[in-house]
Amino acid sequence: NATVFFTFYVFLVLLNSTATGVGYMVSCMVRRADLAPVIGIVLILPLVLFGGLFINTDNTPDYFIWLEYISPLKYAYRGVMRAFWSTVLDIPCDPTRTNCVHNGAAVLKNASLDKASMVLDVAALLGLNFGFRFIGMLFLARNVKKRD
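With the numbering used here applied, the sequence shown corresponds to residues 1 to 148, in that order.
Hints were generated in silico from the structure; no laboratory data involved.
Note that the structure is predicted; figures quoted are calculated from it, not measured.
Quick reminder that beta carbons are idealized off the backbone N, C-alpha and C, glycines included.
Watch out, some of these pointers could steer you wrong.
Mimicking DMTMM-like on lysine to aspartate or glutamate, the simulated pairs with C-alpha atoms at most 20 Å apart in a straight line are [unchecked claim]: (1) Lys109 / Asp34; (2) Lys115 / Asp58; (3) Lys115 / Asp94; (4) Lys115 / Asp62; (5) Lys115 / Glu68; (6) Lys109 / Glu68.
What follows is a list of derived Cβ distance ranges for each label pair [said to hold, decoys possible]: (7) Met137 / Tyr69: 56 to 62 Å; (8) Ala141 / Leu43: 17 to 23 Å; (9) Gly127 / Tyr63: 22 to 28 Å; (10) Ala106 / Lys146: 18 to 24 Å; (11) Arg142 / Tyr69: 23 to 29 Å.
Let the sequences and hints guide you as you build the complete structure.
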């Protein structure tokens with residue numbers, strides 16, 4: 001299906017661009033190049049953990065819910081999953097099994113990925129992309145000013 005392919009492509013390009021923005025931000029935060037990978041891992045790991053891939057968004061503790069909203073992985077994952085599973089109308093399974101899902105909408109509901117639209121996910125990725133780059137520019141301006 002070409003629509004699913006190009007939707008995947010758009011989300012992956014946006015995720016890649018946002019990850020580049022995170023890299024710019026982290027590299028502009030520090031003055032020493034040997035600290036950048038350490039700080040990058042410390043910043044990225046919580047975003048990965050609470051992005052919806054490992055922990056269902058309904059099971060995220062309330063005090064970590066804010067990490068979910070600044071995670072670009074959440075929006076890309078949700079968009080890609082919705083693009084694929086919304087096209088699956090029937091999943092053949094044994095009716096005697098209790099945990100069998102019958103269509104893609106049920107898969108999205110079980111994963112708590114049925115709440116927002118793909119347009120919101122694209123807008124969130126664009127916003128995070130520009131936000132991370134803007135924060136990086138602020139750190140760069142601060143570091144240049146300190147050096148002078």
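Against the structure, the hints:
1. Of the supplied pair hints, the one linking Lys109 and Asp34 is violated, its CA atoms being roughly 43 Å apart against a limit of 20 Å.
2. Between Lys115 and Asp58, the direct Cα distance comes to roughly 11 Å. Compliance with the 20 Å bound is thereby established for this hinted pair.
3. Pair hint Lys115 plus Asp94 does not hold up; C-alpha atoms about 28 Å apart against a cutoff of 20 Å.
4. Proximity of Lys115 to Asp62 is assessed by CA-CA distance (about 18 Å); at most 20 Å being required, the pair is judged to hold.
5. Taking the CA atoms of Lys115 and Glu68, the gap is near 14 Å; set against the 20 Å cutoff, the hint holds.
6. For the given pair, Lys109 sits about 18 Å from Glu68 by alpha-carbon distance, which is consistent with the 20 Å threshold.
7. For the hinted restraint 56 to 62 Å between Met137 and Tyr69, the CB-CB distance of approximately 22 Å leaves it violated.
8. As the Cβ distance of Ala141 to Leu43 is approximately 20 Å, the hint placing it in 17 to 23 Å holds.
9. Judged by the Cβ atoms, the range 22 to 28 Å given for Gly127 and Tyr63 holds: they are separated by roughly 23 Å.
10. For Ala106 paired with Lys146, a C-beta distance near 55 Å fails the hint of 18 to 24 Å.
11. The beta-carbon spacing between Arg142 and Tyr69, approximately 25 Å, falls within the hinted interval of 23 to 29 Å.
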